[in-house]
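Based on the hints, put chains V and A in the right spot on chain F.
Residue numbers (numbering that gives the first Met the number 0), protein chains in the order written: chain F, 0 to 254; chain V, 0 to 76; chain A, 0 to 353.
Hints listed in this document are in silico derivations from the structure and should not be mistaken for laboratory results. There could be a bad hint or two in this list.
35 angstroms max Cα-Cα, derived DSBU-like pairs, lysine-lysine [what the hints assert, rightly or not]:
| no. | chain 1 | residue 1 | chain 2 | residue 2 |
| --- | --- | --- | --- | --- |
| 1 | F | LYS4 | V | LYS13 |
| 2 | V | LYS16 | F | LYS147 |
| 3 | V | LYS53 | F | LYS147 |
| 4 | V | LYS13 | A | LYS205 |
| 5 | V | LYS53 | F | LYS200 |
| 6 | F | LYS6 | V | LYS13 |
| 7 | A | LYS238 | A | LYS205 |
| 8 | V | LYS70 | F | LYS190 |
| 9 | F | LYS6 | A | LYS205 |
| 10 | A | LYS159 | A | LYS224 |
| 11 | V | LYS13 | F | LYS234 |
| 12 | V | LYS70 | F | LYS234 |
| 13 | A | LYS193 | A | LYS159 |
| 14 | A | LYS205 | F | LYS90 |
| 15 | F | LYS6 | V | LYS16 |
| 16 | A | LYS159 | A | LYS320 |
| 17 | F | LYS196 | A | LYS238 |
| 18 | V | LYS70 | V | LYS53 |
| 19 | F | LYS43 | A | LYS205 |
To give an idea of the interface, some chain V residues facing chain F are shown, with a C-beta separation under 10 angstroms as derived from the structure [stated by the list, open to error]:
| no. | residue |
| --- | --- |
| 20 | GLU21 |
| 21 | ILE31 |
| 22 | ALA61 |
Even for Gly, the Cβ is constructed at its ideal location relative to N, Cα and C.
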Amino acid sequence: MKQDKLKEVAGYPDSMSGRDMHYCPGCTQGIIHRLIGEVIDELKIKEETIGIAPVGCAVLAYDYFDIDMQEASHGRAPAVATGIKRVHPDKMVFTYQGDGDLASIGTAEIIHAANRGEKITTVFVNNAIYGMTGGQMAPTTLLGQKTKTTPRGRSSEETGNPLKVSEMLSMLDGAAYIVRVSTHDLENINKTKQAIKKAFKVQQQGLGFALVEVLSTCPTNWGLSPRQAMEWLEKNMIPEFPPRVFCAPEGVDEL
Amino acid sequence: MNKEEAEIKKVNIKADKCKGCELCIEVCPVNILSMSEAINELGYHYAEVDDQDKCLSCGRCAVMCPDILIKVYDINE
Amino acid sequence: MGEKKLMKGNEAIAEAAIRAGCRYFFGYPITPQNEIPAYMSRRLPEEGGVFLQAESEVAASNMVYGAAGAGARVMTSSSSPGISLKAEGISYIAAAELPCVIVNMMRGGPGLGGIEPSQSDYFQATKGMAHGNFHLLVMAPSSVQEGVDLMSQAFDLADKYRGPVMLLGDGMIGQMMEPVEFPEKIDPTELPPKEWATDGARGREKNVINSLYLDPDVLENLNWKLQEKYEQMQREDVKYEEYHMEDAVVAVIAYGTAARIALDAVQAAREDGIRVGLIRPITLFPFPEQVIARASAQVDAFLTTELSTGQMVEDVRLAVKGRTPVFFHGRPGGNMLTPEELLEEIKKIRGEVQ
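Bound-form chain F, shown alone:
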């Protein structure tokens, strides 16, 4: 029987560029990229979508998608996205940002994009650490978690507590759809895909600002194997960052 007798069950998203990704072995960012690619394929919006890459591990994301992309300065992706969306309100615009980019230097931009109800979609990757620069504390770093800048473990007296972005943004009226998901196992990866797809549909329907917070691993800077990192995420991050829907427009389930 020849290979053409087979139908493809899982392949390579058309909306991705085919370039090798630079992410560390086992880093779930690559999975999140593929989920976005699949969603763009399934919604048939490859030629309508403009993505904005952050500064951080995903700084090279503009190489990995086969769609129009812009590279934003650190923390400013929501502002760049606002500029694009206001020029092309009919196009789909999404930002891809890490916890340093969004929850630290970019808090003003993300809060005000949400508060304006900017009709963009944000995929917010929370791995509780700065990856690209070698493992420093992030606003979402857990208490007691050791990083290059919290060598004795993060203490709330010195640096406060992990920042709850989804909880915070969901209080804003402009936030139409805020959901937290995870990538530490297959079930959660599939939930992540559904959440991203829904968030893009919220934008398609012009219902307002949508953000998907995706808990993600950082084997290298957590000092764990990819498998151990998945377990560490489940055991330590899930309790601190419970995955759930924080706010959603009515009828979002039918979207």
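Okay, now just chains V and A, sitting in the frame of chain F:
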């Protein structure tokens, strides 16, 4: 049937780009994936399919691969 | 040209931007340029455009980055401290080769400074805006009408050089009312398309707007490419004006508001029989170095005067190369130069060099 002669390749892994993260190994419900003895050009042991016939074409390994290196096919009836 | 209207500088400059086809404005309140965003918030929607007050100047400059990268004629405006906040975004705009117009109505600095007119951001505008080897094309109007004229040219120059262009005014230019005429309106949809813009990769390869170049060879090439633009600016787009220079033995050099005041002093000196002239740079980058170099062979001394502690004077010295003495007289902090004090300086210099 050993790996090379299998006519049908339900699971296709780009071994030369694999980073040896092993995440696909555990999710295979029929445990037909394992790490190679050999090293690829990136310097990693890579994931290999031990028995194509046993594959259920569930695609879980492809869902888990962070570098999108796995394509999975099913037999057309 | 339409009929003359009496308008405040800030509003006239905003209207000129609209007539030049600008349909997108992202800004933030800061005195003394507040009338620009206010005017745009009223007028842009009338023209089918978008006005947005950002959460900060930092955000505003990145909105401009996005909109410019999406292919729009876009601008922002601010004043001194606000421009400092936009500096990082402007470096990215220059590196990603994005056309846009930035208006700076300067005020006294440094720090929170004051709100009176000043020229304390010459270095920032022409040399040290932000990290990296880049420049903005910088033009300085000395009247409301000239502000209108330069604003219209600014968008074409931004597109010509695919980079940021700055209109450098000050609180006086912004707050003063003068009669103005406006050029014909440009329809932005008739502008040549921007093939490189990110407006959705339909039927074409994807476009990327980016300023990250990890490969030093690629980044070096970009640097030299930008330098070629700046050399082209020096060749093709230097702007200045000369007054009474034909027989001048002393030349005053001043731009913007300082030049208006200096012209009064020059005329008063002429009436006192002193052969003095004025060179008024309009483009501050590219700096009109040739006309000053030529004049240095003719005059016995230069007097550079600025509403600052002396910034453009350094470029004058570079152009003169020590051939002729270059004197300086300035008033920082928002205090205004007076024709009388300049006349005094001219007489003192005339006496010294005789």
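So, going through the hints one by one against the coordinates:
At most 35 angstroms may separate the alpha-carbon atoms for a hinted pair to count; LYS4 of chain F and LYS13 of chain V meet this at roughly 21 angstroms. Proposed proximity of LYS16 of chain V and LYS147 of chain F is supported: the alpha carbons are some 30 angstroms apart, at most 35 angstroms. With a C-alpha separation of about 46 angstroms, the suggested pair LYS53 of chain V and LYS147 of chain F falls outside the 35 angstroms cut-off, and the hint is violated. Restraint check: the Cα-Cα separation between LYS13 of chain V and LYS205 of chain A comes to about 26 angstroms, which is no more than 35 angstroms; the hinted pair holds.
Distance restraint check for LYS53 of chain V and LYS200 of chain F: the Cα-Cα separation of roughly 38 angstroms exceeds the 35 angstroms cut-off, and the hinted pair is therefore not satisfied. Between the alpha carbons of LYS6 of chain F and LYS13 of chain V the distance comes to roughly 18 angstroms, so the proposed pair stays at or under 35 angstroms and holds. Only pairs whose Cα atoms come within 35 angstroms are accepted, and LYS238 of chain A paired with LYS205 of chain A is rejected, the gap being roughly 38 angstroms. For the suggested pair LYS70 of chain V and LYS190 of chain F, the alpha carbons sit about 21 angstroms apart, so the restraint of at most 35 angstroms is met.
Taking the CA atoms of LYS6 of chain F and LYS205 of chain A, the gap is about 29 angstroms. The hint holds against a cut of 35 angstroms. Distance hint between LYS159 of chain A and LYS224 of chain A is fulfilled; the C-alpha atoms sit about 14 angstroms from each other, no more than 35 angstroms. Of the pairs offered as hints, the one joining LYS13 of chain V and LYS234 of chain F holds, with about 32 angstroms between alpha carbons and a cut-off of 35 angstroms not exceeded. Of the supplied pair hints, the one linking LYS70 of chain V and LYS234 of chain F holds, its CA atoms being roughly 31 angstroms apart against a limit of 35 angstroms.
For the suggested pair LYS193 of chain A and LYS159 of chain A, the alpha carbons sit about 12 angstroms apart, so the restraint of at most 35 angstroms is met. Simply put, LYS205 of chain A and LYS90 of chain F have alpha-carbon atoms about 14 angstroms apart, close enough for the 35 angstroms limit, and the pair holds. Of the pairs offered as hints, the one joining LYS6 of chain F and LYS16 of chain V holds, with about 24 angstroms between alpha carbons and a cut-off of 35 angstroms not exceeded. Pair hint LYS159 of chain A plus LYS320 of chain A holds up; C-alpha atoms about 32 angstroms apart against a cutoff of 35 angstroms.
Taking the CA atoms of LYS196 of chain F and LYS238 of chain A, the gap is near 54 angstroms; set against the 35 angstroms cutoff, the hint is violated. About 16 angstroms separates the Cα atoms of LYS70 of chain V and LYS53 of chain V, which keeps this hinted pair within 35 angstroms; it holds. Restraint check for LYS43 of chain F and LYS205 of chain A: the C-alpha separation of about 16 angstroms stays at or below 35 angstroms, so the hint holds. Given hint, GLU21 of chain V at the interface with chain F, holds; its Cβ is 6 angstroms from that chain's nearest Cβ, closer than 10 angstroms.
Interface restraint check for ILE31 of chain V: the shortest CB-CB distance to chain F comes to about 15 angstroms, outside 10 angstroms, so the restraint is violated. Using the Cβ-Cβ criterion of 10 angstroms, the hint placing ALA61 of chain V at the interface with chain F is satisfied: the shortest such distance is roughly 3 angstroms.
In this structure, the hints that do not hold are numbers 3, 5, 7, 17 and 21, in rising order.
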